[in-house]
Structure formats: C-alpha cells, structure tokens
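> This is what each chain is made of:
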Amino acid sequence: MVSRVYSQRDSGSGLSKPEEEARSFRAQDKLEGLLHRHENTLLGLAGVVFFVGLWSAVSLFGLVPEYVLPGPLSVAISMYDLFASGAVVPHLWFSMQEFFVGYSFAALSGVAIGLLMGWYHRVNYFLDMLVSALYSTPRVAFVSLFLILFGVIGIWKTAATVFIMAFFPILVSTLAGVKLCEESYVKVGRSLSASDSQLIKDVVIPGSIPSIIAGLRLGTGLGLTAIVVGDLYGAQAGLGYLLFLYGNAFRTSDMIAVILVFSLAGILVNRVLGKVEDHYSAWKPSIAD
Amino acid sequence: MSNPKLLVSGLSQVYYDEKSGRRLQALYKVTLEVNKGEFVAVVGPSGCGKTTLLNVIAGLIRPTSGTVTLDGEPLHGPASDVALVFQHPLLLPWKTLLRNVSWGLELRGVKRSDAAMMAKDVIKMVGLSGFEDHYPNSLSGGMQQRANLARALVLDPQLLLMDEPFVNLDAQTREVMQYELVRIWEATRKTVLFVTHDIGEAVYVADRIYVFTKRPGQVKDLVHVNLPRPRTLATKRTPQFLEYDARIWDLLELSFI
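First to last, the sequence lines map onto chains A and R. If you count by the working numbering, then the first sequence holds residues 17 to 305, one letter each, in order. If you count by the working numbering, then the second sequence holds residues 8 to 264, one letter each, in order.
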C-alpha cells in the first residue's frame, strides 16, 4: 500500500530517491506477501523437516540398531522399491477396495441414521440404547466374528471391520450436529410452510455439515486402523497383511514404508474431506484472517 | 361494514410450565380485526403476549381457545397466504441473500430461475440491489432486516405479520427502517399486523393501534391514527403525532403498574 502512494506521487519526475525506495518496498512487499500466504504450508514443511532431521540423527549416531529403526534414507529406498517392483500394488488395491466399500457404507448409513435420529424423537429413542451400547464396546472385538461370518478370503471381513469402526463416530457426530442446529431456522422454514424433507435438506443438513465432516474425519482414521486390524487374522492380501509379513521377517524399513503408505492415504482422504468442507462453508468468514 | 381480512376472536392462550407446574396465561380473550389493505399495530408492555399472538395467527402455535379467520376461513397451521417477519432476521447463513429471499418460493415449487427473478424485484424494492450474492454475515443488521422483510414480501402474502422487526437495530437504523417500511407499505398496500412495544413506532406506521394490557394480554383500547399519508420522518415532529404518542403512553402507563 505504502509503495503505491509513493510511486504515484513521484510519477514523471524521473528516478528520484523515493521512487527507488518504492521499488525496493515493492520487492519486499512481494516477498512478505508470498511468505504470508504460504505461512501455514511452510510451517508444516518445517515441522516435517525437523522430525526427519531428528530421526536421521538418531540413526546416524547409531543410537538404535538399523534393524530396529532404520534411517529415513533406507525407508525412502524401501518405499521406492515397493512401488518400483510393484510388490505393494495388489495389496494397495485390495485394501483400497476394503476401505472404499466399508467406509462408503459407514458414511451413507451413519449420516442418514444420524439425521433421522436427530430429527425424529421416536427414531432416537428406538435406537439410542443400541447405539450407546455398541458405541462404547471395543468394536475391534468384532473382527473375530467377521472372520467367522465372511471367511478369510475376499474383502468382506476387513470391509465389515472398516464399517463397524467408522460407522459409529459418523453417526454420533451427525446426531450431535442436528441437535446443535438452530431451532429458530427450522421455525422460519415452518412459517414458510416447508415440509420435513425440505427442512432436512435446506436447514438441517447444511447446518450440521461441520459436525458431519468432523465425524467423517474421525471415521477415516478409525477406518484405516480397521484395515490393519482386519488383516490380523489369516489375511492373504492387503496392506495390513503386508505389514505383518515384513514385521515377521524383520524387514523393518519395508514395514515403515507400508506405514507411510497408510499416512499418505490418511492425508489424501482428509484433503478430499477438507475440499468438501470448504465447498459447504464458503459462507463462513475465515477465522485465520 | 365489510368483512375484515383477518378476524381474531376470543383468543386465549395458556402455557403450561412443566418445571414449576404452573399455568401461565399469555393471552386472554383477545378480539381484533384487520381490514384489507390496512396497517394495524399492536402495542403493549413487554411480555404481554404479543409474539404469542403472531405465532398463533401464523399457525406456529395452536390456540388454547378462540378462533383466527382469514377472509372468513379458519386458519389451521402455517398458511401460504400469511407471511411472518421475525424479530431476528434469521437468514440462513449458508444461503446467499438472493437464495434466502427466494427460498420461500422454492419451497412452494416455483422454478428456481423464476423465483430468482421475483426475488430480485423485491430485493430492489427493499433497497438491497447489488447485494444478491452476499452471505448474511457480510450484511449489516439493518440490511439483514431488510432481507427478512423481502423474504416475506416476495411471497405476496394476503396478510403480513411483523414481530417487532426493528427492536434489535440501533436508533438511527431503526428510524430509517421505519421510514422504508412506510414507503414500501404505501406503495404495496399490503394487509399488515405489526407488533411492537415502541409507541412512537406504532403511531408512525399504523392506521389503527390496539393497545394491550400487561400479562395476560387483553385488548385495552383501540386508537385510530388519522395522520396524513404519505408519512415521512418529519411526521414524527408534528403536534398531532406527539398527541397520539402521549395518549397511548397514558393508556399504557396505567397497565404498567
């Protein structure tokens, strides 16, 4: 801003001193603007660099033996090999199917049932005990049941585990979102003679989007956990299976590479959810500014 | 005498407070009428059941006893001929101004493009042209209240109910909005029932004023306001205006005790 005032006032008078200053101002402004705009990303990268540095130091100084904790370089090489050799691809594909099937079911039914429970008191009372009981049960325990139900082969055992892990947080968050919904907006809708389904579509869903997204994020983390847990018993394929395979063979750096694949998947899904959230909260003033 | 547009007769409303187990009489045998194209105000002390009255007429609350008829037809539940302007603007924060105003039309199955056109006309009428794509939280309190009014006007209702729509605005904005309301009403001649506790506001906008007692709210008196139209803000400085103002104060003061 300052620079613009300067340059306007002195325009036409040749390269005076203020003009020069203005130029350097402008350059500085640009750099500062750039830094400011990407501050969050830069800080994030700095955090990663710091952690990797620490990790390198630990392995460089031989504080921990290489087969227990390999350095970042070995893991990077393992990661490259994993993809270059194609060894990970079928397992990744298998796990992606498990996740997609389980998570989609969990998201659709979790949001739908959460909305119904929030909107209709009777549905709420009907399901409340059931949901509370299952929500507080360690749901990992269902893995052995799914193993018997669906067998070892195929995606279903782990897909079901993903479902049962992700479903409840999504349901509970959606329900909380509906309950937080401003009652008076519903009243406005009623005065405009809106039907129940119109109110759910125009008021309740947009009003509970933040909670729904929060539930979907929680569900993502738990769903990815379920992929590992679901492969605990007798799995023949999948990233979890690969993890145990490498673990048993003490191929620690390959194992960590698989863990990183999980991290990347988590980041990816959360990015997508973030975009969805941005889309639905265009109306919100940014708190950061 | 012709039949009134809105007729409220013998309306009583009792609330039952579940916590204390006490019954609360909000309205007691209220009878009032609004003729077609007339601007009627209800003035009363806080808590005299004014908002309850509007909620009953709007069909949001079922009356304990008494009837409400519009053109002689009894009203049950929200009617498409009646629009309510709420005390708080209550615009949906996730919809733009335009979509907020056209929402009521869309709910009624009007095609979105047609609804948008009708909404734009009304937005222009309330002086918000150019803000169609703004979200409510980027609009000032006065602008939000204009939008609130537009949301009701766009439905072209037979009866417009207004619940202290300017009470949350600062004094200057309130004056401007009162003026705007009078201007819009004089242009459209809607049938309006306007509830307020601001006596000056009631005298300024209305043709007739029902003065209510404190709770339980009953009609205490009816005042005809014979101030000439069009009314401007200068109207408020005329001796006649001040006379009406004082008269209603006197009526109300008795019921404050």
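The set of hints was computed from the structure by calculation and includes no laboratory data. Warning: the hint list may mix true and false statements.
[Stated by the list, open to error] Each computed BS3-like pair below joins lysine-lysine, with the alpha-carbon atoms no more than 25 Å apart:
1) K127/R - K102/R
2) K203/A - K118/R
3) K36/R - K221/R
4) K243/R - K203/A
5) K227/R - K131/R
6) K46/A - K195/A
7) K217/A - K127/R
8) K227/R - K26/R
9) K203/A - K291/A
10) K300/A - K217/A
11) K43/R - K221/R
12) K43/R - K197/R
13) K131/R - K217/A
14) K195/A - K227/R
15) K36/R - K227/R
16) K203/A - K217/A
17) K26/R - K203/A
18) K102/R - K43/R
19) K227/R - K127/R
20) K195/A - K102/R
21) K300/A - K26/R
22) K102/R - K300/A
23) K291/A - K243/R
24) K118/R - K131/R
25) K217/A - K291/A
26) K227/R - K217/A
27) K197/R - K221/R
28) K43/R - K26/R
29) K217/A - K195/A
30) K203/A - K227/R
[Said to hold, decoys possible] Computed footprint of chain A on chain R; a stretch qualifies when at least three of its residues, placed anywhere within it, have a C-beta under 8 Å from a C-beta of chain A:
31) 105–116
32) 215–224
Quick reminder that beta carbons are idealized off the backbone N, C-alpha and C, glycines included.
> Just pull the numbers of the violated hints for me, sorted ascending.
Hints 4, 5, 6, 8, 9, 11, 13, 14, 18, 19, 21, 23, 26, 27, 28, 30 and 32 contradicted; others consistent.
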